[in-house]
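Asks: Given the structure of chain G, go ahead and fit chains W, Y and R onto it with the hints provided.
4 protein chains.
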Amino acid sequence: MLNVGVVGIGYWGPNIVRNFAANKRTKVVACSDLKQERLDYIAAIYPTIKTTTDYRELINNPAIDVVAICTPVFTHFEIAKKALEAGKHVMIEKPMTSTSTQAAELINLAEQKNLTILVDHTFLFTGAVRKIKQLVEGGDIGDLYYFDSVRVNLGLFQHDVNVVWDLAPHDISIMDFVINQPAQAVTANGADHVGNGLEDVAYLTVYYPDNIIAHIHVNWLSPVKIRQTLIGGSRQMIVWDDNSPSEKIKIYDKGIEVIQTQDQIYNTLIQYRTGDMTCPKIEPIEALALEVDHFVDCIEQRQRPVSDGYLGYRVVQILEASEHSIKNKEKTVKLTALS
Amino acid sequence: MLNVGVVGIGYWGPNIVRNFAANKRTKVVACSDLKQERLDYIAAIYPTIKTTTDYRELINNPAIDVVAICTPVFTHFEIAKKALEAGKHVMIEKPMTSTSTQAAELINLAEQKNLTILVDHTFLFTGAVRKIKQLVEGGDIGDLYYFDSVRVNLGLFQHDVNVVWDLAPHDISIMDFVINQPAQAVTANGADHVGNGLEDVAYLTVYYPDNIIAHIHVNWLSPVKIRQTLIGGSRQMIVWDDNSPSEKIKIYDKGIEVIQTQDQIYNTLIQYRTGDMTCPKIEPIEALALEVDHFVDCIEQRQRPVSDGYLGYRVVQILEASEHSIKNKEKTVKLTALS
Amino acid sequence: MLNVGVVGIGYWGPNIVRNFAANKRTKVVACSDLKQERLDYIAAIYPTIKTTTDYRELINNPAIDVVAICTPVFTHFEIAKKALEAGKHVMIEKPMTSTSTQAAELINLAEQKNLTILVDHTFLFTGAVRKIKQLVEGGDIGDLYYFDSVRVNLGLFQHDVNVVWDLAPHDISIMDFVINQPAQAVTANGADHVGNGLEDVAYLTVYYPDNIIAHIHVNWLSPVKIRQTLIGGSRQMIVWDDNSPSEKIKIYDKGIEVIQTQDQIYNTLIQYRTGDMTCPKIEPIEALALEVDHFVDCIEQRQRPVSDGYLGYRVVQILEASEHSIKNKEKTVKLTALS
Amino acid sequence: MLNVGVVGIGYWGPNIVRNFAANKRTKVVACSDLKQERLDYIAAIYPTIKTTTDYRELINNPAIDVVAICTPVFTHFEIAKKALEAGKHVMIEKPMTSTSTQAAELINLAEQKNLTILVDHTFLFTGAVRKIKQLVEGGDIGDLYYFDSVRVNLGLFQHDVNVVWDLAPHDISIMDFVINQPAQAVTANGADHVGNGLEDVAYLTVYYPDNIIAHIHVNWLSPVKIRQTLIGGSRQMIVWDDNSPSEKIKIYDKGIEVIQTQDQIYNTLIQYRTGDMTCPKIEPIEALALEVDHFVDCIEQRQRPVSDGYLGYRVVQILEASEHSIKNKEKTVKLTALS
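Residue numbers (my numbering), protein chains in the order written: chain G, 886 to 1224; chain W, 886 to 1224; chain Y, 886 to 1224; chain R, 886 to 1224.
Isolated chain G (complex conformation):
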C-alpha cells in the first residue's frame, strides 16, 4: 500500500484525491492547500485524510511515499524538487515545469534517487488515444503523414500563461505519444487581442522525422468548442472528435497510392482509394483511474511510466520553443533531445 499526499486541491486536485482513494494499492493520507475552504471541502468528504496549509508537512512526513502536485505551474519545480529530495515518488500536473531546464533537473534528481516521476498527461490514458496509438503502432495507418489538431472554445483566459501553455500540452503530449519520435523543430505564431501580452489565438507547427508535420490550433476566443484531430497516413486516416459522445474515433480506409511512372511529363501518378469507415468501440474507462494504476505499477516494478519525466520534458521544450518563435516572428526553433 502506497501512502499518498496531495498538494493543491483546487480544480483538478479533488479528482486526483478521488482516484488515489479508490485505488486498492494506494491510500491518501494528507492534503495541503493554501485555502482553508478547500481543505474543509476535502475533509468533509474524506474524514480520515489529514489537511494542512503547509505542503512541507507532506514532504516531511516519513509515512508518505508519493506526492501528487496539483498546484499552479510556476510552483511545480520547487515542490517536486523538495519531494524528490525527501525520497518521494512524484506525480506532477501538466505541464511539468515552467522551463525545460527545470524538467531536466527533476529527471536527473529522480534518477539519482531511483524515484518515479509521472506527469499527469491524462489524455494518454483515454480509450480514444490508446486506440489511436494502437492503430499507428500496429501499422494499420501505414506511414504517418500529418497530425492536425484543433482545440478551441470560448475559454477561461489565464492570467499568467498564454493559450499555448493552457491548451496545447494536451495535443503535444498526444503527438509525442502517437508519433513516438523526437520532434525536430517548432514554429509558432499567434495574436493577443486583450493587450496583456498573452496570446489568445495561436498556431504551432512541429516537425518530426520522416516528413511528418504536426500542427495545433489553440484558441480561447472561439464561439464553439472544437476538439478535432486529423491523422493522415499512407493506408488509413483517422478523425478523432473528442466532443462526440458515441463516435470519437473514425478510421477511414482511404488513401493515395503514388506510382512512379516513366511518363515524361508527370513522373508520379496518384491513385485514390476509398473504402469503408469504421468507428471502433472505445472502452468506457476513467483515464485517471488507469493512470493512477499505471503509476503504481511503475513504482512497484521500477519501470518508466508512459508519461514519464522525459515526455514531460519534451512537452515543456515545445511550449518554450513555441513561445520563443511567437516572440521572434515565427522563427523556426530547432529542438535537441535530452541526452
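Warning: the hint list may mix true and false statements.
Repeated chains share a single entry, so a pair holds when one copy, or any two copies, can fit it.
Calculated lysine-lysine pairs in the DSBU-like style (CA-CA distance at most 35 Å, straight line) [said to hold, decoys possible]:
| id | residue 1 | residue 2 |
| --- | --- | --- |
| 1 | K1016 | K1214 |
| 2 | K1110 | K1135 |
| 3 | K967 | K920 |
| 4 | K967 | K935 |
Simulated from the structure, these hints should not be mistaken for lab results.
Replies: Here is chains W, Y and R on its own, set in the frame of chain G:
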C-alpha cells in the same frame, strides 16, 4: 447587349457559358478550346455559338466585347493581355495570374484602355459570404479578432501547383473581401508526402492591421471534407460551415469584455458574454449568375467590380509570398500594396 | 425549515437527497431503503441523516414534514397513501402510480388533508422545456399543429413494465405541460421481441382538442440514442434535440399560410414562409434543484405545483390507455378528465 | 434497341428521358405532355425526339416498344392499360395506380400479353437500399425486429392526395423489398391542419409475419428535413440517414441476447452487446440509370423486375388501407395477398 467569347471550356468553362447565355444583357457568340470534343459538347447544347480551337479568333473578332478566360493558370496572362490589347473587357478564372508582376501589368493595361477586369472569385457572390461581409461591415461583430479557415478533403492532386495554389485562393479572396484592409505579411509552411516538390498539406498565416490574424489550413490528404471558417469579433462571432445544407452561417452572440482594473496583480479583467445563436436565412441564388450581372453593371457603369484586378493581384501576391515562405523555412514575407 | 424523509435511495433517490440537502429551506432527516448497503452509502456522505430499512419509521416520525418516494412504481400508492394519512406532503417519482384510480385516490386524500403532492416529472423544470412552454404560451409559434417525440436507445429492459411505462412518462408529461389541454383519446401499438409480453418498441398517438396530434416513439432496441421532439405551429416550429450539448432548442421562423380562394378547382392556396433559425441560450440550471424549490414554495404558499397530482394522474391515465390499446388491436381509447 | 415513348415530362419525366437516352440499349423516340412549353424544353435538348400533346400518338406508334408514364397518379391506370393493350412494355411512376383493383387489372393484362411492368420505385436501386437489402438477406442483422422510417420536411402540399400518398410510397416499397414478406395488416392515423380533408401529418404501422413491426412517419409540416430509417435486428442494427452525404448507412454491431433462465422471478435474462460501428462505402451510381438497365434486362430476358407490378400493387394496397384506417379511427385493416 454585350457579346462574350469564352476561352477554355473544360471543367468550369461550361458554367461560365451557361451564365453568360442566361443573362439578358449578354450573349455568348464564340468559344474556344484546344480539345474538339469540348467544342462539340458546347455546340450540341448551344447551336448558335461558334467554336474554334484557336482562341485568337475570339481576340480578333471585333464583334466580341468581353473575353472570359477559363484556361489553366499559366496561360491567363498571355490570353488576358492579348484580349485587353484588343480592347476587350476580361473575366479571368482565379487565381488571376502566375505572378503578381503579371497581375500588375494587366491592371495597368486595363486602366490605360479603360477596360474592366473581373477575377472570378465566385465565392464572393455567394449568399454566405455576402451575409458575412454585411455582418462585419455593419459592425455587428465589433472589432475583428481573427479569421480561421479550414479547407481540406481527399483532393485531386494537381500536377503543376501545390495545395495552396489550388485551394487557398478561395479563402484568401474571402478574407480580403471581408477584412477589407491590405494584408501586411505572410508566413507559411507545409509538407510534400508524394515527393514531387508540391505540398499536399499547408498552413498559411496572414497578418492584417489592427492585430487581426488570419490562418488557412489547406490539405489534399484529409479523409473528410471540411469547409469551416471561424470569425471572431469583440461582440459577435461567426461560424461558417459551407458543407451544411441548411445551417451555413451561425452567428453567436458571444464574446468577451476586457475591463481595465486598478487591481495591482491583474491589470485586466475579462468578462464572458453568452447569448443566443442565430442562423440567418441565406438566399438561394446562384453566385455565378449574380457575378455575371455585377460584371455587366460594372462594364456599363464604368465601376470597379468587387473582385477586380486589384483583389486578384492581392490574392496572387499572398500565394507567391506563401510559396516563398514555405521554401525558406517559414520566413515572414512582408507585403507592399500595389500603388 | 421543512424536514424531509426519503423512501428509496436506489438509482434516483440519491439525487433527491442531494437536492433537498442543498436547498436552504429543507433538511433531510431520514432515509429508508430495503438494502443496507444503500443506507451505508448515504450515511457515509451525510453522517447526520438517520437511516432505516423500514419506511414506516419515516411515516411515523412526527418531525418529518415531507416524504419523497423514490421506490418502484408498484409501491408508490401504498407508501404515498400512508404518508398522506400521516399528514405528510409527498413527492412521488414518476409515474405517479400503477393505476389512475390510485392516483385519483391520492389526489382526493391530499385535498382532504390540505397537503401538497408533487410528482417528480423532472423534465418540466429543465431550461429546454421551460423555454418551449414559454414559446407556446407566449403565442410565438401560433396555433399548435403537432407534437412528435422520439425517445429511443439500446435501453435497459425492465422486468415489470414495458417500454411505454419506462420511457413515455417523460414525453406525456411534457406534452401535457406544453399543450395545456386535456388529452381526448389515445391509440397505441407495439411489439415484444423478447417474448415476455412486454413491448420493447411502441408508438402512441394522443389526440388533443383543436386538431392537435401528438405522437411518441419509444424503443429499447435502437442502436443510437435519439431524444428529438418536433413541435409544429402555424407561425413557428421548434426542434428540441436533448442530446445536443449546445443547440438543444432550435426555433424556426417557418410555416405555411392557408389562403381560402374562390378558385373553383382548389379551394385553398398554401404559401410557404422561411426565415431565420434561432437557437436561444438555455440557462444551465439543475432541473431538480428548481423543482425542489418550487415544491417548497407550493407547500409554503398552499399552491398547486406545476407537476401536481392532476398532471401525474393524466400521465398515468394515458399510460393505462396505451396499454389497453396495445392489447386490443390499437383500439382508440377515449379519456375523460378527472372532475 | 428498344424504342421508348415518355408520357408526361413535368418534374420527373425529364430524368426518365435522360436515362433512357443515355442507355445504350434504349432510344427515346417520342414524348407527350399537355403543355407545349414542356415539349419545347425537351425538343431543345433532344432535337431528334418527336413531341406531341396527345399521348395516344405514342400508344398507337408501332415503332415504340416501351411506354414510360410520368403523369399524375389518377391517370396512370388509363394510360398504362392502353399501352399494354397496344402491346407496349410499361414503366409507371410510383404509386402505380389510384386503387389496388386497378393495379391488379394491369398485372393481369400484362401477364396475358407477356409484357413487362416496372413501377418506378427508384429508391430500390440506390446504393443505400441495395446495401441494406444485402445486409438483411445475408443474415448479418439476424432476425428482423422492426423497421422505423421518418420522412418529414416543410413539403409541397399536394392538392389531390394526402401526405401518405405523396411520401410513404418510398418507405413502403423499401420495406417490402427489404422485409421480403407480405404485410399482414395496417393501421394509420393523421391530422389535417389546412382543413381540406388531406392529412399533412400521418403515422402508419404495418405488421409483418414473425412479429416484425414497421412504422412510418410522414409530415409536410416539419421545419427540418429528416430522412432517417432505423432497422433493428437480433444481431446488428442499421441506421440509414439519407441526408448524409458521406455516412448514409451505419451498421451497429449491437444487440441483445435473450437467455431463458430458471430463475423463479424473471424468466428471461437480457444481455447487451456493443461493438464497432461500420459505415460501408456506398457506390456512387445513379439509381435511375441502374433501374433503366434492369428494366431492359427484364424485358429482354422475360424476367420479373425487382419493382414489378406485384410490388407496385402491394404498395398501393397499403396506401389504400392506411387511408381507410385514418378515416375509420385507426381501425386495423387486414391485407390479403394478390393470388
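Asks: Hints the structure violates: just list their numbers, smallest first.
Replies: none
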